[in-house]
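Residue numbers (this note's numbering), protein chains in the order written: chain A, 208 to 566; chain B, 208 to 566; chain C, 208 to 566; chain D, 208 to 566.
Please note that the accuracy of each hint is not assured.
For chains that are exact copies, the list does not tell them apart, and a pair is met inside one copy or across any two.
The calculated lysine-lysine pairs, modelled on DSBU-like cross-linking and capped at a C-alpha distance of 35 Å, are [claimed, not checked]: (1) K531 <-> K406; (2) K531 <-> K377; (3) K241 <-> K406; (4) K354 <-> K385.
Please keep in mind that the hints were generated in silico from the structure rather than gathered at the bench.
Model, not experiment: these values are computed from the prediction.
Here are the chains, one letter per residue:
Number of protein chains: 4
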Amino acid sequence: MGGTYGENLIISIFGSSHGECVGVTAEGFPKGAKIDTERLQAFLERRAPGRNSWSTARKEPDVPEFQSGLENGVLTGETLTAVIRNTNRRSGDYEDVLYVPRPGHADYTSFVKYGDSADRRGGGAFSGRMTAPLCIAGGIALQLLEKEGAEVCARILSIGNVRDRGGVEKLTAAVKEKEFPTVSDAQGAKMQALIAEKKAAGDSVGGVVECVVRGLPAGLGGPLFEGMEGRIAEIVFAIPAVKGIEFGAGFSAARLSGSENNDGFCLKEGKIETLTNNAGGILGGITDGMPLVFRAAFKPTPSIALPQRSVDLRTMTETEIAVKGRHDPCVVPRAVPVVEAAAALAIYDALLSFRSDRI
Amino acid sequence: MGGTYGENLIISIFGSSHGECVGVTAEGFPKGAKIDTERLQAFLERRAPGRNSWSTARKEPDVPEFQSGLENGVLTGETLTAVIRNTNRRSGDYEDVLYVPRPGHADYTSFVKYGDSADRRGGGAFSGRMTAPLCIAGGIALQLLEKEGAEVCARILSIGNVRDRGGVEKLTAAVKEKEFPTVSDAQGAKMQALIAEKKAAGDSVGGVVECVVRGLPAGLGGPLFEGMEGRIAEIVFAIPAVKGIEFGAGFSAARLSGSENNDGFCLKEGKIETLTNNAGGILGGITDGMPLVFRAAFKPTPSIALPQRSVDLRTMTETEIAVKGRHDPCVVPRAVPVVEAAAALAIYDALLSFRSDRI
Amino acid sequence: MGGTYGENLIISIFGSSHGECVGVTAEGFPKGAKIDTERLQAFLERRAPGRNSWSTARKEPDVPEFQSGLENGVLTGETLTAVIRNTNRRSGDYEDVLYVPRPGHADYTSFVKYGDSADRRGGGAFSGRMTAPLCIAGGIALQLLEKEGAEVCARILSIGNVRDRGGVEKLTAAVKEKEFPTVSDAQGAKMQALIAEKKAAGDSVGGVVECVVRGLPAGLGGPLFEGMEGRIAEIVFAIPAVKGIEFGAGFSAARLSGSENNDGFCLKEGKIETLTNNAGGILGGITDGMPLVFRAAFKPTPSIALPQRSVDLRTMTETEIAVKGRHDPCVVPRAVPVVEAAAALAIYDALLSFRSDRI
Amino acid sequence: MGGTYGENLIISIFGSSHGECVGVTAEGFPKGAKIDTERLQAFLERRAPGRNSWSTARKEPDVPEFQSGLENGVLTGETLTAVIRNTNRRSGDYEDVLYVPRPGHADYTSFVKYGDSADRRGGGAFSGRMTAPLCIAGGIALQLLEKEGAEVCARILSIGNVRDRGGVEKLTAAVKEKEFPTVSDAQGAKMQALIAEKKAAGDSVGGVVECVVRGLPAGLGGPLFEGMEGRIAEIVFAIPAVKGIEFGAGFSAARLSGSENNDGFCLKEGKIETLTNNAGGILGGITDGMPLVFRAAFKPTPSIALPQRSVDLRTMTETEIAVKGRHDPCVVPRAVPVVEAAAALAIYDALLSFRSDRI
């Protein structure tokens with residue numbers, strides 16, 4: 208259950224939100240690279256819950272315990288395995304859920320697929336908590352990419368109908384490090400107000416995360432099933448609540464003519480660049496050296512206090528459900544580092560393939 | 208180059224548009240199923256070029272030659288291999304391309320990755336022609352899905368700013384069989400006029416394909432890297448020119464609140480359904496039994512007759528390029544069956560996994 | 208480093224003998240099966256060191272800690288992850304080894320491949336200790352196979368030139384449960400005497416393990432890369448010290464004529480069987496319903512107290528080395544359950560594929 | 208059916224002996240390498256039937272038709288696909304076989320697994336003919352290895368009880384190029400006489416092929432599932448009739464003490480070598496720079512004219528069968544290049560992994 212990701216850097220996520228722990232294995236990290244574990248921890252904190260008013264009240268430290276592959280802060284070349292203990296389980300919150308599936312959740316589909324079982328409580332393997340181990344591996348990939356001169360930055364592009372100001376060129380490392388990562392703090396404040404309003408109303412709201420990767424060499428990816436779009440999409444859709452992804456001009460490109468959408472080539476200090484970047488840094492599935500740009504659409508948190516229609520699976524009668532428990536009214540702020548982690552893993556995997564292609 | 212797709216049904220595409228042939232291998236089709244090869248040929252015709260004013264003037268018959276795996280119209284259980292000969296090669300059309308990369312094409316990135324070589328002419332492995340073998344395997348998967356009671360239908364949702372009328376519930380088998388597959392023929396006529404206009408201007412235009420799959424059981428897919436969204440996105444992004452994908456409400460869901468976006472559960476003739484289908488038939492990466500709905504954004508054809516800025520790679524000087532040769536002013540009409548083929552392969556692969564999960 | 212094994216049941220081993228822990232991940236175990244953890248522990252004890260005179264004096268409890276996939280003794284269907292802590296590390300024993308490679312060990316080759324690093328001490332990922340996590344997953348597979356009516360039994364067939372008595376038909380469950388698993392206790396006593404003699408002389412000795420699997424259905428495996436011989440060989444060669452494997456009559460078959468080696472078909476109580484079993488239960492890579500039989504050759508433990516020639520990698524001068532530390536004078540007795548575990552994993556994986564093939 | 212092999216060089220075999228063609232796909236060959244197609248053809252001729260008295264009377268030219276990946280003798284970097292047409296099919300020879308399984312063949316097991324179907328005639332996917340496409344890919348790998356300074360040579364080590372003279376150090380390129388590749392022509396003549404005798408008696412005989420690979424760098428392979436023994440064994444067991452494999456001293460090592468079997472390290476012209484090569488060039492699953500040596504045991508051809516016991520599957524009654532048709536009385540002479548091809552593919556794949564590991 209859950210599968211694996213990657214070609215040269217192979218990632219697998221295990222555990223569940225209400226089991227002993229959640230964890231990750233990653234095979235393919237290079238031997239000998241030094242990892243700054245304090246920066247890794249700081250990265251994980253960006254995802255961790257309980258830090259502010261727009262995230263769930265659960266406080267979980269999210270401190271990874273490395274079981275293999277990292278010793279004294281150095282990658283050993285062996286399979287990396289790390290777990291995060293689940294210290295703050297309150298499965299009682301989820302008891303009703305066993306028989307009355309929450310709309311928008313995996314309760315019903317996991318019941319159909321896996322049957323009636325304890326690990327469905329709280330989402331189990333479908334929980335947003337599974338993104339914590341993804342961030343461990345992704346945080347390491349981010350540091351390795353930095354050593355290669357590449358930087359991954361993501362921001363909140365929109366919450367509901369409130370949109371950040373400024374094009375992707377404003378999306379810098381300073382932006383992503385903000386507590387609420389938007390270019391415009393004024394728009395960020397409006398987004399926070401919208402989240403607070405939805406929370407007060409027992410409701411939730413969705414949003415869009417935008418991500419840019421700068422400093423990549425041209426040549427990563429390939430045609431057909433090796434394309435960068437497919438590689439990134441595959442891992443980004445592994446993040447719960449993502450329902451769409453687009454690269455460069457994306458869905459807007461479908462409304463343009465070729466003369467508008469094509470990015471002409473030019474020379475800049477002797478180096479080939481494109482005049483515009485509607486391609487989002489990817490041509491024919493292969494990076495062209497321009498910033499790689501994509502956006503992921505997150506649906507609103509399905510867990511809401513408002514009553515919703517559902518069906519009691521024991522009696523097969525229609526009923527209502529109001530979801531209790533501690534839930535983010537909006538997953539988007541905490542999803543920003545997760546999107547960075549996913550992008551870093553996809554790109555670092557492609558980088559390893561690129562090098563092995565060029566042998 | 209090109210990679211493989213799938214878990215239980217493993218697809219690989221080989222050849223190139225200017226080589227001997229293009230072809231496909233598919234391992235995992237079940238032994239003994241009867242394939243209607245006339246219907247398969249009719250399906251391939253929907254993608255084939257040269258049929259009308261909005262597609263390229265090249266006429267290529269696209270008749271698959273089965274080398275293994277299909278005998279007397281029956282799947283033998285062995286690896287299926289089929290090729291389509293390239294009968295109408297005119298590589299002279301592409302000579303300039305070798306040194307002056309066409310904007311929006313893979314010319315530059317494949318030069319960076321693979322170096323200076325003959326197979327870059329006409330796009331080689333990056334050509335839209337590579338979707339012909341995808342349609343052979345996909346056309347077989349479509350027939351196998353039909354035997355399971357599932358039907359895949361796609362339409363042109365928009366060309367440029369012209370949008371089809373009617374929700375996805377109007378998207379029936381009758382629509383996909385149209386020569387220009389839109390629900391509203393009036394809107395279809397406007398789209399065709401727009402394509403003709405762009406063609407006359409030496410330009411091109413993009414569009415969106417919408418696809419629905421009805422009759423699927425609940426339970427296909429899984430959490431994390433096994434999710435249906437990721438599986439479908441991975442193969443749909445293998446289609447050249449796709450720059451975005453969304454499931455159900457997709458990017459719109461990011462603007463909604465949870466109470467608007469959640470699909471409440473209800474009973475319909477004793478069966479659990481959802482009141483709405485913003486999830487596009489997928490919850491937690493797993494099909495819920497409702498129609499699976501997604502949309503793919505296609506950028507405008509990059510090959511346009513209008514002059515564009517580029518760089519001569521021999522002299523490293525800026526120059527202009529006007530792309531000659533025979534090109535579709537809009538790839539979207541011919542992409543409709545390709546999207547169906549891709550969806551069918553992803554879903555049939557998930558169906559095989561689903562059954563092996565339940566052993 | 209280390210890779211993965213399997214098609215439907217995917218196994219990965221992590222950690223190293225001198226790190227924090229050794230562990231295993233296994234994806235694909237079916238949901239809901241009950242595992243007898245006491246029997247699993249008893250199985251692990253058969254491999255554990257320090258139990259008697261012919262094994263190393265290190266005492267390590269080998270108690271698995273399940274982090275995911277097994278709750279209250281029931282497989283949850285999630286990825287199974289288990290670790291065994293390394294409680295008894297004495298890396299000081301291995302310091303010389305860093306620069307003077309031990310003959311017959313991976314010291315030199317891992318130095319060439321991975322460079323100078325701490326994890327080479329004591330063999331790291333090359334240690335026999337890596338078979339402990341293999342036995343966790345294998346022990347579970349053994350219990351699952353039993354539920355299917357299949358039983359895996361291995362014995363010591365020979366140590367040095369001392370060979371057990373009795374054909375494979377004498378190799379029963381009672382034999383494998385013996386402290387020294389041979390059919391003939393008299394021959395077993397001679398083998399133990401030989402081991403003791405070699406130990407006293409500061410030397411070591413090799414041997415052969417024979418394994419039989421009864422109760423398998425006909426139909427597991429397939430032609431070419433799906434054959435049972437290749438599947439089993441791949442995992443058995445992952446056990447350190449294995450240098451050969453043969454199935455059925457094996458190398459003896461190469462000396463026979465077809466009329467001697469072919470196993471004629473007959474009927475026994477209405478069921479098709481073969482008159483002899485030179486094929487070792489495998490025809491064309493597929494099980495034929497007869498007992499599956501194979502033998503694995505183990506080289507003598509390379510760690511010996513006798514002085515041996517080596518090279519000091521610091522000075523690049525020839526030198527001598529006498530290996531200190533705690534080592535088994537013969538790995539074969541402890542390897543018996545490891546061979547059973549490896550066979551069980553290969554066969555259970557093939558069984559899952561078999562069922563998914565027949566969907 | 209048949210599966211795939213490899214990690215960086217991925218091989219798949221398709222077709223069957225009585226279908227349209229047999230073929231191979233290989234993904235991962237490097238772009239730009241020049242292949243001597245005449246030498247490749249000469250290599251394929253070593254395997255081809257009908258050349259002399261000890262091989263079947265069928266004459267099939269075995270000329271590969273490259274469909275992609277090789278243009279004008281240069282690897283294009285795309286997936287390589289090649290087929291060999293089946294020009295000389297005589298399926299009438301095999302009609303009885305459909306219902307009365309031949310002892311020692313896959314008839315019965317493929318019936319159990321795949322049911323009653325035409326492709327079982329003549330062995331279909333189980334036929335020795337499937338090794339022809341293996342030799343296409345393997346012949347290319349052999350040439351690529353030569354460019355790296357590595358040479359693969361195999362010989363007939365024994366037929367029945369007749370054994371070649373001379374250790375593996377006598378096994379040179381000149382030996383493998385002989386029409387009957389043995390070091391000692393006198394012993395070779397005895398082997399041929401034995402084959403002729405068995406043929407005259409309507410019987411067959413088995414044998415052993417020995418293979419050495421010289422010029423490999425130290426460092427290929429890895430621990431556990433990445434070991435060279437497992438990689439080579441997996442592909443060698445894909446050759447029909449192989450029932451055993453051993454590396455270096457192999458099964459003999461199991462009879463030795465550590466002081467006898469360990470290969471001490473020494474310096475030779477400043478380079479580290481071993482004094483002996485009982486390890487067969489592999490320590491801890493990794494090449495040590497010494498010649499890689501292995502032996503594969505082939506069972507006698509199961510198709511013999513002598514009557515054998517079998518069961519009629521239609522009536523479920525015991526019966527006799529005498530196999531007609533054209534069959535080699537001994538597959539070993541033609542298997543020699545097949546073993547070289549298999550070794551070359553395994554090693555070239557490991558070489559690609561080795562380089563990508565060292566990135």
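Index of numbered hints that the structure contradicts, given in increasing order | 2 and 3
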